[in-house]
Amino acid sequence: MKRKIAAFLLAMVGSLVSASATAGVDLEAMLKHSQFDVIEISPDGQYLAATMPQDDREGLVVMRRSDSAITTSFTLGKDEYIHAFTWVNNKRLLIRVAEKIGALEQPQDTGQLYGLDFDQKRPDLLAGWAVSSDPLAGGNKERVAVLSLNRIPGDDHHVIITAYPYGTSERFNTAELLDVDTGRRSVLARSPIKSAQFTPDNAGVVRFAAASQKDNASKLWYRPTADADWKLINDETVSGVAEAPVGFSADNRTAYLTVERASGPDAVVAYDTASGERKELLRDAVADPAEIVHTFDGNNVPVGVIYNDGIAHAAFFDPQSREAKLSAMLQQAFAGSAVKVTSTTSDGKLLLVYVSSDRDPGKFYLFDTQTKQATYLLSRRRWVDPKASAQTQVLQIKARDGVPLRAYLTLPPGREAKNLPLVVFTHGGPFTIYDTWRYDTDAQLLAAAGYAVLQVNYRGSGNYGQQFLKSGQKQWGGAMQDDLTDATEWTVAQGIVDRSRMCMYGASYGAYASLEGVSKEPTLYKCAVGYVGVYDLPMLVAEEADKSTRLENWTKEWIGTDPALLAKASPNLTANRIKVPVFLAAGGEDKTAPIKHSEKLEAALKKAGVPVETLYVPTEGHGFYTLEHRREFYTRLLAFLDRNIGDKSMTAAH
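Counted from 1, the sequence shown has number 255 at position 262 by this note's numbering; the numbering is strictly sequential.
Don't take each hint at face value.
Claimed, not checked - In the DSS-like style, the derived pairs of lysine-lysine whose C-alpha atoms are separated by at most 30 Å in a straight line are:
{"id": "1", "residue 1": "K463", "residue 2": "K411"}
{"id": "2", "residue 1": "K187", "residue 2": "K224"}
{"id": "3", "residue 1": "K84", "residue 2": "K342"}
{"id": "4", "residue 1": "K467", "residue 2": "K599"}
{"id": "5", "residue 1": "K540", "residue 2": "K561"}
{"id": "6", "residue 1": "K549", "residue 2": "K467"}
{"id": "7", "residue 1": "K463", "residue 2": "K584"}
{"id": "8", "residue 1": "K600", "residue 2": "K584"}
{"id": "9", "residue 1": "K593", "residue 2": "K540"}
It should be emphasised that the hints constitute simulated quantities derived from the structure, not laboratory data.
Modelling step: build the complete structure from the supplied sequences, incorporating the hints.
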């Protein structure tokens, strides 16, 4: 009986602490999944297709625009997400599927391709490992994975795919014409090298093949006609830069390439297919091209790019083009927000426009190019009030060695930017991923609780050129970590942050960086939170090597293999250097960051006498998905922060 009473009292105290820590934070509103994510309009403008995030997977729904009636919907399996989808005609959608694999933060394309009509109950599997290979059953002779997909202007019933044959590493990829209704395929081109991906022109002629092999150096081939031989036009081992095709001009005489530069961001160049001459069209001073902007008529001819430095903005090959003028009009109408045309009707009269900001998760509008009127359609998270949300500042900081860093600082609403408690919230990945000026649920939640939130694009992050990306190679615990320290010190020097109240928090690699931060800088931070993290680099390298050669090569190139250096940068092997409280959360089904990383770190911290709290959920994976478990995690997180750097920590200090 005494044990039951004690347990009851402990639970009551915990709930009171949680209530205090979460005061002013509407967790239910913050943690609800977005109602919609990506939305596209059908070519005739009659239907809208939208992805719908769910607990541990994603679904897709089709709505009739006239009355918002749902005409069909379907949901993928556990840990499966929609990699991309597109309308191929007024009736049919093609959907590519991705899955979270290994230590890669971004879901990876699985090669599965589905077809779905707007009124169809279940999608058709057109390509993938589960497609029937029995000709007598109506199947293809060979199962293939779809590595890329290109629409053909004017053809509503076929697309061109890059097909990778399952079950062999000796076969070369093929470019194939795929019937979107039956899944039947015919070969258009064969690759000059293994693992190539193809790019056709607007007439459906396959003219580019690109690939990289074991050395991870890219190669690009070109041919002028379907009957011509392939010609190597760029070899990264010779030129020192990678080139990738993104499309052709309307007359097919000019190809557009994204091209790396030895320093600084990537560029977009025009490639004269007759002479081979390259002419730079667009290059930002800071950021890489994030997305290609196509003509607003559904024909997918490149006309510009979107850059994600600060407020996302578009730049155009021809500033006087129809697309440039319409984009400028929309940007003026929604000043202070990021504006993007996500899809259009085939006649170019209706544009589906996505408008978002640091305070707004995003709204979709239908813009009539004839009346110049924008009509509100849907919100990603309609329950979020932008006026009550926190603002995010764009920072430019220099690291200790002079390397420029981009960072974002979200400040608690209604509080002076002076002597605030700070949470350094570090993005995962770590490579190619980057933080942007956008609505971030974690940053908003922490700001609502009274914390300044710092997000740093440390070296190794994407978006700032290959030199910056590759400067993060083998820098786990090195320069990548120092960038976080330097950005933290910058906020202190500005008087924004109270040096005595700073904590590190992150998921996946961000969890690693948080624990490595309090190990490498034991007096700088007051606490650390590791959520679904990896903390033992020798173990991580061994795990990835066991999964595949590709992942083994990735770890060699990006993490390293020197046992001594890996051990030195592993928080669970340097736990004796950690002097502040730690909170660890992990899922028992996590294949990306196995729970044993957290368990080993917990044991090492306890052995070193470091206060450590844990939240282990056996049924969760790489990130908690159910509302119940996410509510528990964030409630515990806020309580932990409150005790160590929040108001409760100040009360305890006095």
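Now for the hints, and whether the structure bears them out:
no.: 1; hint: K463 to K411; in the structure: violated (36 Å)
no.: 2; hint: K187 to K224; in the structure: holds (15 Å)
no.: 3; hint: K84 to K342; in the structure: holds (19 Å)
no.: 4; hint: K467 to K599; in the structure: holds (29 Å)
no.: 5; hint: K540 to K561; in the structure: holds (24 Å)
no.: 6; hint: K549 to K467; in the structure: holds (8 Å)
no.: 7; hint: K463 to K584; in the structure: holds (26 Å)
no.: 8; hint: K600 to K584; in the structure: holds (27 Å)
no.: 9; hint: K593 to K540; in the structure: holds (21 Å)
The structure does not agree with numbered hint 1 stated previously, though it agrees with all others.
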